[in-house]
Structures are given as C-alpha cells and as structure tokens.
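A.B. asks: Work out the full structure: start from the sequences and follow the hints.
The lines below spell out each chain.
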Amino acid sequence: MSQENRAKLIEIVATLLETDASSIDNNSSPETIEHWDSMNHLNICVAVEQEFGIQLQTDEMATIQNVGDLVTMLNRKNVACA
Amino acid sequence: MSTAKLTLATTLHELSEPPTTIEIARASKQLAGLDCNEAGLKPLTIGIASSFTFDPIIKNLIVRGYSDGLKLESYLAPYGQYIPELMSPQSGLVVAKSDVVVLAIRLQDACPALYERFNSQDAASIESICNEWTNTFRQALKAFRKHSDTPILCCNYEVPAYPALGLADAKCTPSQNETIASLNRSLQETALQVGNVHIVDIDALASRVGRTRMVDPKLWFWGRIPIASEHQWAYAGEVLRVLRAVSGKSRKVLALDCDNTLWGGVLGDVGKDGIALGHDYPGNAFVALQKRALDLYHRGVVLVVASKNEHAAVKDVFENHPEMVLRPEHISHFAVNWEPKPQNLQRVADTLNLNLDSFVFLDDHPVECAMMREMLPQVLTVNLPEDPSRFAETLARLDCFDQLGISDEDRRRGEMYRKEAARAEFKAESDDLESFFVGLDMRINIACNDETNVARAAQLTQRTNQFNMTTRRRTESEMIDLMRAEDTEVCTIRLTDRFGDNGIVGLAIVRREGNNAVLDTFLMSCRVLGRSVENAFLAWIGTQMLQRGGTTLEGRFIETLKNKPFAGFFESWGMTLAEKSDDGSQRWVYDLNSAADALTIPKWIQIETQSS
Numbered sequence: 016m017s018q019e020n021r022a023k024l025i026e027i028v029a030t031l032l033e034t035d036a037s038s039i040d041n042n043s044s045p046e047t048i049e050h051w052d053s054m055n056h057l058n059i060c061v062a063v064e065q066e067f068g069i070q071l072q073t074d075e076m077a078t079i080q081n082v083g084d085l086v087t088m089l090n091r092k093n094v095a096c097a
Numbered sequence: 002m003s004t005a006k007l008t009l010a011t012t013l014h015e016l017s018e019p020p021t022t023i024e025i026a027r028a029s030k031q032l033a034g035l036d037c038n039e040a041g042l043k044p045l046t047i048g049i050a051s052s053f054t055f056d057p058i059i060k061n062l063i064v065r066g067y068s069d070g071l072k073l074e075s076y077l078a079p080y081g082q083y084i085p086e087l088m089s090p091q092s093g094l095v096v097a098k099s100d101v102v103v104l105a106i107r108l109q110d111a112c113p114a115l116y117e118r119f120n121s122q123d124a125a126s127i128e129s130i131c132n133e134w135t136n137t138f139r140q141a142l143k144a145f146r147k148h149s150d151t152p153i154l155c156c157n158y159e160v161p162a163y164p165a166l167g168l169a170d171a172k173c174t175p176s177q178n179e180t181i182a183s184l185n186r187s188l189q190e191t192a193l194q195v196g197n198v199h200i201v202d203i204d205a206l207a208s209r210v211g212r213t214r215m216v217d218p219k220l221w222f223w224g225r226i227p228i229a230s231e232h233q234w235a236y237a238g239e240v241l242r243v244l245r246a247v248s249g250k251s252r253k254v255l256a257l258d259c260d261n262t263l264w265g266g267v268l269g270d271v272g273k274d275g276i277a278l279g280h281d282y283p284g285n286a287f288v289a290l291q292k293r294a295l296d297l298y299h300r301g302v303v304l305v306v307a308s309k310n311e312h313a314a315v316k317d318v319f320e321n322h323p324e325m326v327l328r329p330e331h332i333s334h335f336a337v338n339w340e341p342k343p344q345n346l347q348r349v350a351d352t353l354n355l356n357l358d359s360f361v362f363l364d365d366h367p368v369e370c371a372m373m374r375e376m377l378p379q380v381l382t383v384n385l386p387e388d389p390s391r392f393a394e395t396l397a398r399l400d401c402f403d404q405l406g407i408s409d410e411d412r413r414r415g416e417m418y419r420k421e422a423a424r425a426e427f428k429a430e431s432d433d434l435e436s437f438f439v440g441l442d443m444r445i446n447i448a449c450n451d452e453t454n455v456a457r458a459a460q461l462t463q464r465t466n467q468f469n470m471t472t473r474r475r476t477e478s479e480m481i482d483l484m485r486a487e488d489t490e491v492c493t494i495r496l497t498d499r500f501g502d503n504g505i506v507g508l509a510i511v512r513r514e515g516n517n518a519v520l521d522t523f524l525m526s527c528r529v530l531g532r533s534v535e536n537a538f539l540a541w542i543g544t545q546m547l548q549r550g551g552t553t554l555e556g557r558f559i560e561t562l563k564n565k566p567f568a569g570f571f572e573s574w575g576m577t578l579a580e581k582s583d584d585g586s587q588r589w590v591y592d593l594n595s596a597a598d599a600l601t602i603p604k605w606i607q608i609e610t611q612s613s
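From first to last, the protein sequence lines stand for chains A and B.
For the first sequence, the working numbering assigns the number 16 to the initial residue and increments by one for each residue that follows.
For the second sequence, the working numbering assigns the number 2 to the initial residue and increments by one for each residue that follows.
These are calculated hints, taken from the structure and not from any lab test.
Every residue, glycine too, gets a C-beta built ideally from N, C-alpha and C.
Keep in mind that the hints are not guaranteed to be accurate.
Anything over 12 Å on all C-beta distances counts as not near chain B; from chain A, calculated [as the list claims (entries may be wrong)]:
hint: 1; residue: T30
hint: 2; residue: L31
hint: 3; residue: I48
hint: 4; residue: T87
hint: 5; residue: A95
Restraint-style ranges between C-beta atoms, simulated for each label pair [stated by the list, open to error]:
hint: 6; chain 1: B; residue 1: T561; chain 2: A; residue 2: G68; range: 26 to 34 Å
hint: 7; chain 1: A; residue 1: S17; chain 2: B; residue 2: G34; range: 33 to 41 Å
hint: 8; chain 1: B; residue 1: R412; chain 2: A; residue 2: A22; range: 54 to 62 Å
hint: 9; chain 1: A; residue 1: E26; chain 2: B; residue 2: I407; range: 47 to 55 Å
hint: 10; chain 1: A; residue 1: T47; chain 2: B; residue 2: P85; range: 57 to 65 Å
hint: 11; chain 1: A; residue 1: A22; chain 2: B; residue 2: S121; range: 50 to 58 Å
hint: 12; chain 1: B; residue 1: I407; chain 2: A; residue 2: K92; range: 46 to 54 Å
hint: 13; chain 1: A; residue 1: A22; chain 2: B; residue 2: H322; range: 53 to 61 Å
hint: 14; chain 1: B; residue 1: A486; chain 2: A; residue 2: E26; range: 57 to 65 Å
hint: 15; chain 1: A; residue 1: G68; chain 2: B; residue 2: C173; range: 40 to 48 Å
C.D. replies: And the structure:
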C-alpha cells in the first residue's frame with residue numbers, strides 16, 4: 016500500500032508540473048523543478064486532497080517545502096506512504 | 002469514427018462530474034495535440050480580463066470547451082488590469098483580436114467597500130461608489146467597443162452569503178443585497194448600451210451551488226482564487242453556456258421516450274389505467290417532468306415523442322389520460338413504432354428540416370441511450386437517473402436550449418410546426434407543386450426598419466444556419482443601429498397562409514453603395530423554404546432598389562458546414578457569379594435593368610401590405 020501511495024503521489028506531482036516521474040524524489044522542490052510555483056503548489060495540494068481523500072490546513076500547505084514533506088504529511092494523516 | 006474523434010469522446014466520457022484537478026491536467030494534455038479537422042473541432046480564441054487569479058478556470062474552460070466542439074486558446078490580460086486593458090487601443094486584449102472576450106470582474110475586487118466596509122458607509126457614499134463604478138466600467142466598455150466588435154461575455158456580481166447587516170438587511174436602506182442587485186441591473190443596461198455584451202450569471206451560479214460553498218477560503222487567501230476547485234467546472238460551464246447561445250448553437254428539439262420517462266410503468270403491460278401518473282409518488286415525479294417539458298415547449302422547443310409502443314395506445318394516453326400534462330397539441334411528431342429510435346429521429350429531422358445536432362433525446366433506458374449515442378452522436382442523449390424524483394431536475398439542468406432572448410415566434414413555434422405537418426398532408430394531396438402553392442393562399446408582409454421587429458430580426462441571425470447567405474450573427478443593439486443607418490434597409494418578411502400565421506420567417510439587410518445594392522444578410526427560416534417565398538422576397542427587394550435608382554444587386558455567399566441549402570439559390574434566382582475569393586466566398590451580381598423574370602413575384606404569392 017505504502018509503495019502504491021508513493022507512486023500515486025509522484026504521479027500527481029509529475030502530471031501537474033509537466034515533468035517526468037522518474038526525475039522526482041523526496042528532495043524535489045520549487046528550487047529543483049521549474050514549474051513548481053505558488054499556483055502549482057496550490058494545485059498539488061488540492062490534487063493530493065482529492066486523490067487521497069484528506070484535508071489540508073492552509074498552514075500545512077505553507078510548511079510543505081518538498082516532496083518529502085508531502086510524504087510526511089500523508090503519513091501523519093494516516094495515509095501510509097513510503 | 003476517426004481516431005481523433007474517438008480519443009475526444011473517450012477522454013471526455015471518462016471525466017468525473019466535476020473532474021478532479023488531475024483529470025483536468027491529464028485531459029488537457031491528451032486533447033491538446035488533436036488535429037482540429039480530424040476531431041471536428043472549431044478553434045476559438047478567448048481574451049480574458051479578470052480581477053482575480055483566473056488561471057484555474059482557464060484550464061477548466063479549455064477542457065470543457067471540447068464538449069462543445071471548441072478548441073480554445075486564451076489570452077489572459079495582466080492580473081487586475083481590466084480597465085486599462087479595455088480602454089487602451091494598444092492593450093493586449095485589443096491586439097489579441099480574440100473571437101470572444103470574457104470579463105470576470107468581481108465587485109468584491111472592483112468596489113471592496115461595498116462588501117468589506119458596507120456598514121461604515123452612509124447611503125450617499127454607497128450611491129456614489131455605485132455610480133462611479135457603473136460609469137467607469139461603462140466608459141471602459143464603450144472605449145473597447147470603438148476598437149473591437151468582438152462579443153463580450155461579462156460576469157455579473159454576487160450578493161454576499163452573509164449580508165453585513167444580517168437579518169436587518171432586507172429592511173434597511175441601503176440594503177447590501179439590494180445595492181448589489183441594483184448594480185446587476187445597471188450592468189444589464191450597460192450591456193444593452195454597448196451592444197453585443199452578454200451577461201454570464203455568476204450570481205445565479207453561486208446561488209445554485211451555494212453561496213457559502215462557492216468560495217474555498219484556502220484557495221482565496223492562498224492564491225486569490227475566489228471559486229472553490231469543485232465549482233470551477235460549473236463556472237466554466239456558465240461561460241460556455243452564454244458562448245453557445247451567442248454562437249447560435251442552442252438545441253431546438255426535445256425527443257421524449259414514454260414508458261418510465263413520461264409516465265411510470267410499461268403501457269403495453271399495465272394499460273392506460275395502470276401507468277403511474279398523478280398526485281402521489283411515483284406519479285407526481287412524472288407529472289413534474291412533463292411540466293418542465295411543457296415549459297420548454299412554451300419557450301420554443303419542439304417536442305417529439307420517440308417510443309417503442311403501439312401508436313394508438315400512446316395517442317390514447319395523450320388524448321384521454323386525465324393526469325397528462327402534455328397533450329397531442331404540444332407534440333409535433335409521434336414517432337411511436339417498433340423501429341430503432343435513431344431511424345425515427347433521422348426521419349423526424351428530415352421532416353422538420355432541422356439538423357440532428359439540434360436534437361436532445363431523453364430516455365430512461367441505458368441501452369436505448371447507448372444505441373442513440375453510437376448511431377447518432379450529434380444528438381445530445383440524456384440518460385435519466387434511476388430515481389424518478391430526479392427526472393424533472395435532470396431536464397431543468399439542461400442548458401443546451403438556452404437562447405439570448407425569447408420572441409413571440411418562439412412561444413408559438415410548437416403550434417407552427419404542427420401546422421407544418423398539416424401543410425405536408427395538403428401537399429401530398431395536391432396534384433402538382435403549382436396547384437399546391439396556389440392552394441396554400443400565401444400572403445407576405447414585408448416591413449423595413451420597423452423597430453418593433455428588432456428582437457426577432459436579431460434572433461433570426463443567431464438561429465438560422467441553413468438558408469443563410471453569410472451567417473453573420475447580430476445582436477439587438479446592432480440591429481437597431483442598422484435600422485437607423487441612413488444607407489441600410491433591414492427588411493423582415495412575415496408569411497401567412499391558409500393554415501395560419503407563420504410569423505416573421507425571413508430577414509434581409511441591404512446596404513446602398515451608390516447605384517449598387519449590397520445584400521449584407523439574406524436568410525429564411527428553413528420551416529418555410531421551398532415555397533418560393535425566398536424568391537418573392539428577393540424579387541421585392543430588387544424591385545425596391547430599382548425604384549430607388551439602383552442598377553445592380555449584389556450578394557456574397559459565404560459557405561459554412563451548415564448552409565448548403567443556400568448554395569444554389571442565387572443562381573436559380575438569376576444572379577451571375579462575378580468573383581470567387583481565395584477564402585472560398587462567392588460574389589454574385591444581378592443587373593436590375595435587365596428586365597429578366599427574377600424581379601417578378603410568383604403569382605401565387607400576394608403582397609398584403611408593405612412599408613418602407
């Protein structure tokens with residue numbers, strides 16, 4: 016499950032940032048991916064909410080700095096994610 | 002079906018309602034590469050000026066546009082720059098020369114004091130804020146109109162979910178709700194003054210989806226996006242709905258199944274007295290659906306019955322069941338037999354002289370719906386939900402019948418199509434075409450520049466696709482300008498015959514350029530085509546122009562996918578092809594002094610009265 020959820024998360028990020036899934040790891044962030052701007056940050060958060068059936072506080076959105084933070088956040092919300 | 006069309010249909014079919022953010026991103030990527038010709042898409046550019054972050058709505062617009070057969074490209078004006086973008090002749094919005102302009106200006110952004118500081122203003126200052134905004138916006142639109150005649154779709158203003166005065170709002174002067182409602186009325190007035198401006202009713206959208214849910218505070222405070230992500234699809238739908246009406250793409254015919262659609266139960270099994278129709282559930286749900294269909298009938302939608310049943314049994318229900326809302330006089334065709342429904346609809350379309358892409362088919366049965374989608378994809382097939390209590394709402398939600406306005410002709414259209422059936426019967430009985438024409442006792446009445454006909458004249462340009470020389474769409478205000486113009490005549494033709502009044506069925510706009518009379522528009526409702534009325538109309542115009550000293554009559558035929566019926570008309574009437582342009586349009590001319598027969602009105606048509 017946790018591997019599947021990881022693949023799903025990477026796929027969301029890759030689709031919205033129009034980049035290749037294989038190039039994404041936990042350190043991928045607005046600094047390393049060109050299309051990761053404030054608007055796409057919001058899109059990623061909204062898509063993660065929709066696809067995993069969770070809710071993010073606005074503050075949580077602000078603290079997410081990279082893919083690793085998204086993984087941590089999912090686990091905190093009881094979505095097992097490797 | 003071509004691969005491109007299949008990709009398009011499959012991708013759209015797989016979307017949830019509303020689609021998720023990921024679905025939108027995937028669909029837009031999948032469909033962006035489609036070839037317009039292969040996929041049957043029409044490219045269209047939209048210029049947008051907005052007071053908020055519009056990007057997410059554009060994505061929804063683009064994907065949703067595909068379901069209307071549009072491949073949209075957009076120009077988005079710099080954030081919040083809506084007034085300079087409208088006013089400056091060099092602005093991106095003007096220079097982009099897009100096919101349509103969308104103005105999404107929230108009053109919360111343009112006049113924040115009316116929302117955030119309402120209670121700290123007195124009546125005079127509220128009035129001055131309102132007047133100032135109305136004037137500023139009106140001037141900006143007028144300035145834009147000077148350098149562009151592009152249709153403008155303009156979003157209106159939302160009343161707040163929680164009025165600042167709370168419960169007392171309704172009783173107070175000024176009331177916040179009333180202030181915003183009155184600005185919406187002023188906006189409507191601005192639209193009329195500027196011309197070709199059409200309101201996108203965002204306030205109605207907000208009330209449908211729920212004012213408290215329209216905004217997702219997170220999206221708003223993070224990204225100045227005032228529409229929650231699950232409602233961005235509906236927002237795009239509201240814009241496209243107006244765009245469809247402006248482009249004359251509204252559907253005109255509703256074909257209804259009977260068993261478990263118009264009434265509960267299978268008529269052949271339970272008989273007339275056994276079907277569910279009446280005051281209690283489930284009968285009341287079917288009555289509600291019929292009432293909704295009758296409302297559509299009264300705004301000009303042609304109703305057709307498409308049912309696999311015994312014809313006589315269905316007729317008996319329509320004539321004699323005490324709880325029926327729809328009666329035989331509301332139905333233009335009873336396609337009731339055991340043949341496949343697509344064949345039946347094809348036949349009805351031929352008889353009505355309407356394209357199948359103006360048909361909607363409503364049925365409870367998934368197999369019938371699947372068959373219709375497969376055989377006649379151009380028909381909009383609506384599969385009713387399982388629960389009859391949702392039927393009426395399903396029909397109410399269809400916005401494909403939308404028109405910009407409703408004329409007297411619309412209200413009487415159903416009646417006219419029924420008379421058309423009587424005419425067809427009379428024609429079958431006549432020995433030849435001429436005796437049919439003579440027996441019809443046709444009388445025409447032509448009026449020029451008569452402003453009482455403005456609504457119908459504009460509507461004819463928006464709705465007529467087939468017998469239409471140029472397919473130039475005109476709004477009411479443009480039509481008034483043309484009627485008042487010194488060198489232009491706007492002529493409408495009304496046709497009456499032994500079966501009754503057909504209403505205003507044709508329109509010609511003629512511009513005098515020296516001795517040359519140039520047809521700008523010449524169109525006839527396809528309902529009355531082939532009765533030589535179109536010949537008589539052009540003959541009358543030619544004669545008028547000759548009497549005013551004209552020497553030539555000229556018309557340009559611009560071919561579209563839909564106006565083939567017009568193609569041979571100029572030649573058959575007696576005009577000569579003068580020029581074929583690179584864009585495919587043809588210039589036809591007629592020498593008014595040639596004393597040919599073209600100017601003679603057929604003897605079976607009587608000109609009753611005329612004014613010019």
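A.B. asks: It remains to establish, for every hint, whether it holds in the given structure.
C.D. replies: Verification of the hints:
1. T30: violated (5 Å)
2. L31: violated (6 Å)
3. I48: holds (15 Å)
4. T87: Check passes; 20 Å lies beyond 12 Å.
5. A95: Per Cβ check, A95(A) is outside 12 Å of chain B; nearest 20 Å; holds.
6. T561(B) with G68(A): 26 to 34 Å: violated (48 Å)
7. S17(A) with G34(B): 33 to 41 Å: Cβ of S17(A) to Cβ of G34(B): about 35 Å, so the range 33 to 41 Å holds.
8. R412(B) with A22(A): 54 to 62 Å: Roughly 59 Å apart at Cβ, these two residues keep to the hinted range, so it holds.
9. E26(A) with I407(B): 47 to 55 Å: holds (49 Å)
10. T47(A) with P85(B): 57 to 65 Å: violated (37 Å)
11. A22(A) with S121(B): 50 to 58 Å: holds (54 Å)
12. I407(B) with K92(A): 46 to 54 Å: The hinted range 46 to 54 Å holds for I407(B) and K92(A), with Cβ atoms some 52 Å apart.
13. A22(A) with H322(B): 53 to 61 Å: Given range 53 to 61 Å: holds, Cβ gap about 59 Å.
14. A486(B) with E26(A): 57 to 65 Å: About 60 Å separates the Cβ atoms of A486(B) and E26(A), which means 57 to 65 Å holds.
15. G68(A) with C173(B): 40 to 48 Å: Distance hint for G68(A), C173(B) holds at roughly 44 Å.
Figure legend: structure checked against the earlier numbered hints; hints not met, in rising order: 1, 2, 6, 10.
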